[in-house]
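Undergrad: These protein sequence lines are chains S and X, in that order. Following the working numbering, the numbering of the first sequence begins with 7 at its first residue and continues without gaps. Following the working numbering, the numbering of the second sequence begins with 223 at its first residue and continues without gaps.
If you are wondering where the hints come from, they were derived from the structure by calculation, not from laboratory data. This one's a predicted model, so the numbers in the text were calculated from it and none came from an experiment. Any given hint could turn out to be false.
As the list claims (entries may be wrong) - From the structure, some residues in chain X lie toward chain S, with a derived Cβ separation under 7 Å:
| hint | residue |
| --- | --- |
| 1 | Pro302 |
| 2 | Ile304 |
| 3 | Pro530 |
| 4 | Gly533 |
| 5 | Leu537 |
| 6 | Ser546 |
| 7 | Ala552 |
| 8 | Ala555 |
| 9 | Leu595 |
| 10 | Val596 |
| 11 | Ile597 |
Using N, Cα and C, we set each Cβ at its ideal position, and we do this for glycine too.
Each chain, letter by letter, is given below.
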Amino acid sequence: MRYAIPLVVLAVLIGFFAVGLNRDPRLLPSPLIGKAAPAFDLPVLAAPAAADTAVAAPQRLGNAAFAGKPYLVNFFASWCAGCQVEHPYLMTLARQGVVTLVGVDYKDAQADVSQWLAARGNPYAPILVDLDGRAGIDFGVYGVPETFLVGADGRVLHKHVGPLTPEAFEHDFKPLLGAGS
Amino acid sequence: MIPELGHFALILALGIAFLQTVAPLLGYQRRDAKLLAFAGSAAQAQFFCIAFAYACLTIAFINTDFSVAYVAQNAHTDLPMIYRVSAVWGAHEGSLLLWMLMLSGWTFAVSVFNRRIPAELSALVIAVLGVISTGLLLFMLLTSNPFERLFPVPLQGRDLNPLLQDFGLAIHPPTLYMGYVGFSVAFAFAVAALITGKLDAAWARWTRPWTTTAWMFLTLGITLGSWWAYNELGWGGWWFWDPVENASFMPWLAGTALIHSLAVTEKRGLLKSWTVLLAILTFSLSLLGTFLVRSGVLVSVHAFASDPARGLFILIFMALVTGSALTLYAWRAPKLATVGELHLFSREGLLLLNNVFLVVACAAILVGTLYPLVIDALKLGKISVGPPYFNAVFLPLMVPLFVLVGFGAVVPWKKGRAGETWQRLKMPALFAVAFAIVVPLALHGRAALLAVTGGLLGAWTIVAAAQDVSRRIRAKPSFAAGLASVPRASWGMTLAHAGLGVWALGVAFVISYGYEKDVRLAPNARTEIGDFSFGFVGATEAKGPNFIAQQGEVTIERGDHSVTTLYPQKRFYPSQRNVMTESAVDATLLRDLYVSLGEGFEDGSWSLRIYVKPMIRLIWLGGVLMFLGGCLAASDRRYRLAKAADRRLAVDGGTQAA
């Protein structure tokens with residue numbers, strides 16, 4: 007019987023590998039999921055030709071300003087290549103108007119970002135400026151771009167790392183839009 | 223045209239590999255000598271097909287034929303010739319072809335050097351190797367064809383990953399694969415022994431040189447990899463406990479255990495089923511390494527562009543190969559009963575202990591490597607296991623192992639005597655203690671605990687290892703006659719054990735007395751590290767064949783005199799838009815001075831990473847000594863003599879039968 011032990015060990019290992027194959031070790035789930043979004047209170051960027059002017063321009067905006075409706079928090083920067091990749095899709099999303107898009111300009115000079123958006127178009131309703139990256143730390147941002155879905159009740163429902171794609175939005179974000187209200 | 227020929231050769235090789243598997247098995251069952259003899263011819267034909275395919279891919283690289291997708295992804299017209307040849311194994315498909323070339327090469331070697339082995343056994347060994355070949359060729363043709371065409375043909379290729387454009391890396395994978403794949407021969411011998419049920423001293427003697435050869439290549443491959451990581455990754459370390467490093471280290475530990483248990487099986491006829499199990503495990507761990515690198519189940523700096531479909535294929539393949547071998551083991555191993563008793567204080571007893579430590583160390587590393595995967599699969603969260611775990615489990619296991627090495631070479635087979643052992647080892651022990659106290663103090667002025675421990679174990683291992691050779695020499699009337707009487711196997715063992723000691727010295731001194739410093743230096747500023755003063759002159763632009771570099775100039779002084787000037791580079795490869803750090807190292811046996819460039823600032827200052835690494839060369843020197851020891855042991859005269867004797871026996875047997 008003891009001669010069969012190696013075989014049993016192998017079977018267990020193979021089982022784990024089979025499960026492991028379908029999981030991405032690079033995925034890092036956010037511990038914030040299901041919890042209230044971190045409190046933020048950030049200065050608003052004087053946006054060139056904002057897509058949605060409904061939110062008039064007070065100097066600073068915090069969580070309270072967005073309560074009651076789900077919204078996306080998109081951390082981006084003009085120096086980030088991935089942000090250029092997702093930008094056209096964000097423009098599409100903004101045109102469709104399915105969800106409020108809050109841009110957080112992450113560790114980036116205001117002039118650079120204004121120029122960047124002027125050249126490409128501005129998909130964001132408000133753009134908040136996180137120059138020292140404090141809000142980024144609160145949200146647990148590893149690198150830009152990262153996108154969080156915050157529900158109407160202020161809880162984080164989903165986090166997406168890397169450029170936002172139509173597939174990811176349809177698959178991971180859309181089903182959650184109705185939740186948390 | 224040439225790529226199609228290569229593709230066709232692979233398909234042909236698959237057919238041959240299938241026959242190479244089936245014919246000998248049928249031959250064994252029907253006791254048909256002709257079918258058995260077919261194994262060797264098939265192995266040779268398969269080798270030529272694969273060598274041909276390999277040559278076709280190399281030609282495509284040399285001609286930068288971008289109509290081949292794999293070439294377009296991994297070559298560039300500016301790529302220097304040596305890296306065009308090494309780019310063949312720079313990514314998944316080609317490295318798999320290299321794997322196959324090695325496997326068929328080993329099989330070819332078995333078919334050539336098999337005259338002293340009974341036809342039945344050699345045919346079965348080749349058949350088992352044929353199973354592995356068939357699986358890997360199917361894998362390559364179905365999921366990873368290196369000859370796939372690309373249309374429209376791009377004008378320029380995407381170039382070889384600049385990380386891989388280094389001489390160390392050009393030769394690291396082939397040597398590593400030689401080792402990995404070489405263990406397939408030991409595996410095949412083990413499975414063949416389980417099939418025939420015949421496992422005796424002769425079997426162990428046939429298996430030993432194959433195992434030692436594979437082991438020495440793996441040793442060299444790992445050493446080269448460590449050297450490459452040190453030179454090219456710019457982190458100044460030599461081992462990171464990365465999952466893929468672990469994947470190469472686990473078969474090494476198991477293979478080392480196997481070499482030693484094979485010695486017991488040959489000399490004493492003991493530990494038979496254990497030896498067979500180790501042979502199966504060693505190769506299975508090599509397969510596991512292949513799986514981990516190519517399936518993307520673990521995060522690693524080494525991972526190839528991974529693809530779950532490929533992962534699934536290798537997983538099924540691994541399950542079939544290892545699973546059927548272990549099933550056979552569960553069924554047949556109980557019959558490999560051992561006769562004779564084993565005293566713990568004898569060479570075989572100490573070798574058994576050595577096996578326990580090696581296998582436990584291997585298991586500890588396996589657990590640490592797979593733990594994140596298991597936790598994730600059980601949905602218990604995401605974790606990673608880092609160097610603190612590995613150092614904490616691995617190093618304590620090495621201490622008794624090093625102590626054992628000294629005894630292993632001195633204590634005789636069957637039964638050792640404490641008094642005699644003490645007589646032989648008291649001088650080495652005394653020397654080791656003196657060395658461990660004096661050398662750290664003399665070189666560095668303070669005795670760190672780790673350096674003393676490492677010095678003690680390292681010196682002990684080296685001096686005790688020499689006991690075997692010195693005893694043989696003293697047994698003869700003259701030194702010259704004595705020297706001539708020492709068999710190569712003894713030299714091999716001594717050298718390999720000394721290499722282990724040298725390695726331990728290097729590790730202990732690097733960790734104890736190394737300095738690391740990250741500084742930002744303006745041009746003409748200086749910084750002091752240890753006894754050395756590093757002056758940053760400035761950085762200028764330099765051009766290479768396929769890159770543009772910022773080249774820093776760093777002058778190093780010790781006391782009042784200049785030591786050397788180093789030129790570290792930050793290279794930009796336009797073809798891949800990739801930035802690489804090329805560190806500059808001034809190396810002597812006693813210390814390395816290592817400088818790499820970090821970021822440049824607008825005022826002309828740079829962040830620099832500066833290391834002073836005492837004795838780090840000994841780590842790789844140890845690896846090279848182990849490799850050389852393996853060379854000597856594998857080429858021992860005994861195996862060739864035995865070959866002649868066995869042949870005579872076979873001829874006599876043949877005449878009698880006729």
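Undergrad: All the hints need checking, so say for each whether the structure fits it.
TA: Structure-based check of all given hints:
1. Pro302: Violated. Min distance 29 Å.
2. Ile304: violated (32 Å)
3. Pro530: OK, holds: Pro530/X within 7 Å of chain S, min 5 Å.
4. Gly533: Hint on Gly533/X: holds, closest Cβ of chain S at ~5 Å, below 7 Å.
5. Leu537: Status holds, d = 5 Å.
6. Ser546: violated (10 Å)
7. Ala552: holds (4 Å)
8. Ala555: holds (5 Å)
9. Leu595: For Leu595/X, the interface hint holds, since the closest Cβ of chain S sits about 5 Å away, which is under 7 Å.
10. Val596: The hint holds - Val596/X has a Cβ within 7 Å of chain S, the shortest such distance being about 5 Å.
11. Ile597: Where the cut-off is 7 Å and the nearest Cβ of chain S is about 10 Å from Ile597/X, the hint is violated.
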